[in-house]
Amino acid sequence: MKINIKTVTGFFAGTLFLALLPSVANAQAMSPMRGEVKSFSDTFAVKVYPANPYTHRIRIEVKVYDQDFRPVNARVSPASFTLGGRFARPVTVMVPFEGQDTRKVRICTESIPFPGRSSTQIKAQVCGKFLGKRLQ
Amino acid sequence: MKKLAMAVVAAASLAPFQANSANSNIPFGGSVGNTCVITVGPTGVLAASADFTVLGSEEAGGSAGTAQVLATGAGYALSADAPAGFASFPATGNTNVTFEANYSSTGANTIAQTDGGTATALGRGMNTVTVNMSGTKNVVGETFAAGAYTAVVILRCE
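Chains A and B, in that order, are what the protein sequence lines are. For the first sequence, position 28 (counting from the first letter as 1) is numbered 28 according to our numbering, and the numbering increases by one without interruption. For the second sequence, position 70 (counting from the first letter as 1) is numbered 70 according to our numbering, and the numbering increases by one without interruption.
Among these hints, one or two may not hold up.
Heads up, simulated EDC-like pairs for lysine to aspartate or glutamate below, C-alpha to C-alpha not over 20 Å straight-line [to be verified]:
#1 A:Lys38 <-> A:Glu61
#2 A:Lys123 <-> B:Asp81
#3 A:Lys123 <-> B:Glu58
#4 A:Lys63 <-> B:Glu58
#5 A:Lys123 <-> B:Asp51
#6 A:Lys63 <-> B:Asp81
#7 A:Lys123 <-> B:Asp115
#8 A:Lys123 <-> A:Glu36
#9 A:Lys47 <-> B:Asp115
#10 A:Lys129 <-> B:Asp81
#11 A:Lys123 <-> B:Glu142
#12 A:Lys129 <-> B:Glu158
#13 B:Lys137 <-> B:Asp81
I should point out that these hints are in silico values taken from the structure, not numbers from a laboratory.
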């Protein structure tokens, strides 16, 4: 009888764990946050998944910066979009090497979740660091 | 007696099946991504100092902005960028103003009030982050004019 209780408890614990997983995953603001990409061409591509942790729709912008937070001339598709609550979507970023063999960039997801609500607003910025390596 | 023996044999032959079905393992799997989540809470309020040379969230009548920051792994850092200027302001409101921001944290990481430009490493866990900002007139005799002011502080996790 004890074994049966343990088995049932274990089953429910496992089910609860699995049921909690999607909500944890949906709360991610951006993933992945680190990456290394190798490319034969003069650009390298990164796919990131910005997510909206709130229950309301927010506007999200994806921007690319270098190590000193200077804007990088990368192609982001889409660069700006609205995202429903608890949703994530893929964004493709194409970064040019601009003659370098390696390039480090920050890809940042930015949003102001409550625009116009107060005199001081907080812009949430979650930045991932990515390294591109050009293969000859 | 014979019937009892047969019943025992029957029960014994059924027992392994029951035991096997009770002990079957059902595998579950999943993963949690290594990431950082910022959930902005109540935004801040700016208030003027008594001599109207400072407009800040730490002045009397002002309030700090807050955010929940969750790191699911190690290797992330927190910082807050002061605004380059007010986003909306009356005439001369953005002239000769020095902006500053600071942050502090409680929760998984206790961080004392730190200049916004200084990044602090985050350990894994949930944090309640308090963000303050101020604009100070940097020319003697200048004061903030009457009107509505708004500013945006960037809270960064990277």
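For each hint, the structure was consulted:
Between Lys38 of chain A and Glu61 of chain A, the direct Cα distance comes to roughly 25 Å. Violation of the 20 Å bound is thereby established for this hinted pair. With a C-alpha separation of about 10 Å, the suggested pair Lys123 of chain A and Asp81 of chain B falls inside the 20 Å cut-off, and the hint holds. Using a Cα cut-off of 20 Å, the hinted pair Lys123 of chain A and Glu58 of chain B holds, with the two alpha carbons roughly 19 Å apart. Restraint check: the Cα-Cα separation between Lys63 of chain A and Glu58 of chain B comes to about 31 Å, which exceeds 20 Å; the hinted pair is violated.
Our distance criterion of 20 Å between C-alpha atoms is broken by Lys123 of chain A and Asp51 of chain B, whose separation comes to about 29 Å. Of the pairs offered as hints, the one joining Lys63 of chain A and Asp81 of chain B holds, with about 16 Å between alpha carbons and a cut-off of 20 Å not exceeded. For the hint linking Lys123 of chain A to Asp115 of chain B, the alpha-carbon distance of about 17 Å falls within 20 Å, and the restraint holds. As the CA atoms of Lys123 of chain A and Glu36 of chain A are separated by approximately 27 Å, the hinted pair breaks the 20 Å bound.
Between the alpha carbons of Lys47 of chain A and Asp115 of chain B the distance comes to roughly 33 Å, so the proposed pair goes past 20 Å and is violated. Proximity of Lys129 of chain A to Asp81 of chain B is assessed by CA-CA distance (about 18 Å); at most 20 Å being required, the pair is judged to hold. With a C-alpha separation of about 29 Å, the suggested pair Lys123 of chain A and Glu142 of chain B falls outside the 20 Å cut-off, and the hint is violated. Proposed proximity of Lys129 of chain A and Glu158 of chain B is supported: the alpha carbons are some 7 Å apart, at most 20 Å.
As the CA atoms of Lys137 of chain B and Asp81 of chain B are separated by approximately 19 Å, the hinted pair is consistent with the 20 Å bound.
In the structure shown, a violation is registered for the earlier hints numbered 1, 4, 5, 8, 9 and 11, in ascending order.
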